[in-house]
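**Student:** Produce the complete structure using the sequences and hints provided.
Each residue of the sequence shown is one higher than the last, beginning at 261 in my numbering.
Everything hinted at is true.
Straight line, CA to CA, 20 Å or less: simulated DMTMM-like cross-link-like pairs of lysine to aspartate or glutamate:
id	residue 1	residue 2
1	LYS269	GLU279
2	LYS269	ASP338
3	LYS269	GLU316
The set of hints was computed from the structure by calculation and includes no laboratory data.
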Amino acid sequence: MLLQGERVKLRPSREEDVEELVALLAAPEVAEWWGTNSADDVREELHVGWTILVAERVAGWLLVHEELEPDYRHVALDIALDASLHGRGYGAEALRVVIRHLIARGHHRFTIDPTAANIRAVRAYTAVGFRPVGVLRAAERGPDGAWRDALLMDLLAPELS
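**Tutor:** Following this line, the structure appears as structure tokens:
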């Protein structure tokens with residue numbers, strides 16, 4: 261299945277994407293937030309990943325973790341974008357495309373939890389309609405080994421902008 265935006269395409273991630281995704285995640289501007297990821301780490305998540313394409317080249321990775329229990333139905337999202345595309349709206353567009361697809365499949369609530377210090381990500385997610393819920397203290401270990409806070413954000417389907 262291919263999801264189409266104005267400037268981005270998303271397709272289910274596949275084995276052929278692993279090398280490019282590992283390289284993308286290893287870029288200093290991305291690894292600062294995503295840490296170190298091996299080819300095996302990427303392969304473990306391929307089944308929940310959408311590869312973001314810009315001009316037909318691998319430009320990012322969007323992970324979609326669906327909770328299908330009817331009483332708790334929601335989707336948790338994670339996104340990494342090629343550093344050369346940061347600040348140009350590609351990540352926000354990719355999120356909108358996948359969220360619209362998931363709304364059509366019956367989902368109504370979405371969460372994302374960037375590192376609290378990642379102001380650029382928080383700004384991009386806010387532009388999509390995500391709202392801060394609270395701080396998850398010492399929620400993730402950074403590449404330097406120190407624990408850092410994450411900002412839990414959520415979005416309800418009618419809030420998508």
